[in-house]
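*Asks:* Using the sequences and the hints given, assemble the complete structure.
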Amino acid sequence: MLLLLPVLAWAQQRPAARPGTQPVPQKGQQIELLPGAGQLVGGTFNGVEIRKVLGNVQFRQGTTLLFCDSAYQYTERNSLEAFSNVRIVQNDTITITGDRGTYDGDTRKARMTGNVTMRDPRMTLTTQLLDYDLNNNLAYYSTGGHLQDPENTLDSQFGYYNTQSKVFSFKRNVKLVTKDNTIDTDTLQYNTVSKIAYFFGPTRIKGKQGNLYAENGTYNTVTKISNFARNAKIETPNYLLGGDKLYYDEARQYGVATGRVSMTSKKDNLVIRGDVGRYWRAQGRAKVYGSQPVMRNINAKDTLYLSADTLVSVEGRPPQNKAGVIYAYRKVRIFRSDLQGRCDSLTYDRQDSVIYLSHDPVLWNKGNQLTSDSMEIQQRKGQIDQMRLFGHAFSIGQDTLLNFNQVKGRNMVAYFRDKSIKKIDVLGNAESLYYALEGDTAVSGVNKSLSATMALRFQDGKLNTISFLTNPEAQFIPPNELKPEDAKLKDFRWRAKERPTRRQTLGKHFALPVKPKKKTAPVKTKSATTKKAAPARKKPAVVKPKPTPKPVKK
775 MLLLLPVLAW AQQRPAARPG TQPVPQKGQQ IELLPGAGQL VGGTFNGVEI RKVLGNVQFR
835 QGTTLLFCDS AYQYTERNSL EAFSNVRIVQ NDTITITGDR GTYDGDTRKA RMTGNVTMRD
895 PRMTLTTQLL DYDLNNNLAY YSTGGHLQDP ENTLDSQFGY YNTQSKVFSF KRNVKLVTKD
955 NTIDTDTLQY NTVSKIAYFF GPTRIKGKQG NLYAENGTYN TVTKISNFAR NAKIETPNYL
1015 LGGDKLYYDE ARQYGVATGR VSMTSKKDNL VIRGDVGRYW RAQGRAKVYG SQPVMRNINA
1075 KDTLYLSADT LVSVEGRPPQ NKAGVIYAYR KVRIFRSDLQ GRCDSLTYDR QDSVIYLSHD
1135 PVLWNKGNQL TSDSMEIQQR KGQIDQMRLF GHAFSIGQDT LLNFNQVKGR NMVAYFRDKS
1195 IKKIDVLGNA ESLYYALEGD TAVSGVNKSL SATMALRFQD GKLNTISFLT NPEAQFIPPN
1255 ELKPEDAKLK DFRWRAKERP TRRQTLGKHF ALPVKPKKKT APVKTKSATT KKAAPARKKP
1315 AVVKPKPTPK PVKK
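Note that our numbering gives residue 914 to position 140 of the sequence shown, counting from 1, and the numbers run on in steps of one.
It should be emphasised that the hints constitute simulated quantities derived from the structure, not laboratory data. Keep in mind the model is a prediction, meaning the values are calculated, not measured. Heads up, the beta-carbon is just placed ideally off N, CA and C, and yes, glycines get one too. Watch out, some of these pointers could steer you wrong.
As the list claims (entries may be wrong) - When the alpha-carbon atoms are kept at most 20 Å apart in a straight line, the in silico EDC-like pairs for lysine to aspartate or glutamate are as follows:
1) Lys-1007 to Asp-958
2) Lys-969 to Asp-958
3) Lys-1096 to Asp-1042
4) Lys-940 to Asp-929
5) Lys-1236 to Glu-1259
Unchecked claim - Distance ranges between label pairs, derived from CB positions:
6) Gly-975 to Arg-1059: 29 to 35 Å
7) Gly-1033 to Asn-859: 54 to 60 Å
8) Asn-865 to Gln-804: 16 to 22 Å
9) Val-996 to Asn-859: 22 to 28 Å
10) Gly-810 to Asp-954: 45 to 51 Å
11) Thr-956 to Thr-837: 34 to 40 Å
12) Pro-1093 to Lys-1262: 49 to 55 Å
*Replies:* Shown next, in the form of structure tokens:
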């Protein structure tokens, strides 16, 4: 009591407010000094009334308590400075400790500096400087902070924590480390209750099963489920799957991408694009569909484009198949510079570069059309080497007069060289219809023949000769005796209108670049004194004679 008497007398001698001065703003609840302090010293320092409290210092304002070794209390300003072993406790749930602190009782704002630690039942935050607004339940730092909860740790340059909603907001150099992943981003919100992280900038998640990237979205650190948006990607050692939006369940190893989906195989320059993509990592299987997805396979020789209603990629299983398989079905289109085609189902075995086509396949090479029940395309060093036709094989080609040279049989084998058909072997029930021309300007007759096997040879992509190898029967029909029914073999179908173009096959997923329009040069007006130039003499046109076809072997 004797120790408190000088302070009480000093408090009663405060000067009254002078008339005419500005009204004092309304103050908050007074900061209360609790009994138990070791020493009190009151006085005026530099015109400011200060109460020094030394030893076992305890203050209270409502449900907020402040502890320290010593403090300066500014009674007129309802604020204080605390030194050494400073501790603020709010509602018995939030505890902040540090080397030094300040507290304004009117604004209820605190600042803690030096080895600052903030704790609540769900997390611990450490930093060097922390500001805490008790009215808005908001703590924030700008000198770097480290957050730790039972499952995760998080570091950032700037951070805000709402002690009521239990949500952290982090900015710049943010790193969230979970049991299985490391997350790097620039802007992140983290809910310490739900353990969900929200991203608002370029974000990379590195894990044992692969990496994820996105520029917006959420990640649940408990369920390991990601919902990403804006340039979202899943990256594994062999594949990269991305889209405008991405859902990935790490526990099930299952992902779904939507909107401008792209799947890339890193090993062999293969890209599949579509509207929807599903990925089963444990199975090594990806499925892309929606708006006619397209596969692009680039090699040193040419680029193969493949489109269908659905494309499925299966990763290779060493040692049987290291490269994997592509499956395409419904409305399949094929396009490359030397080959175009259609079918209903297709299998592309990338291990041996073999393409299998089934269900009404049709292929075109330059002026030649090939059809059969099923087909097999064998490639070698990025170019077509052989093409095998099984069941009801039919080859049609147009000559210079647009007549149809036709060959059919049970099976066929076509051999390629320099992107053109050089030879076709017809195996079983071979039939041919071949127009004989005179100087490529007139038809001299039609050769019709039957044989067990035949061999056709081509030059410049056009039928040149036919060799009959087993039991041939040949017939030559003059033009005047040629009937309409003799001009076509049975099951003849010319399907040139179905031949896919580059633009049809690529669709919207590999859109061709738009060529800029050429600017027209301004027209120069002739002056009255300008002489007219003499007209240029036209050179006579040179017409090269066309080669005559070789005779048909009988």
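*Asks:* So, against the hints stated earlier in the document, which numbers end up violated here?
*Replies:* 5, 9
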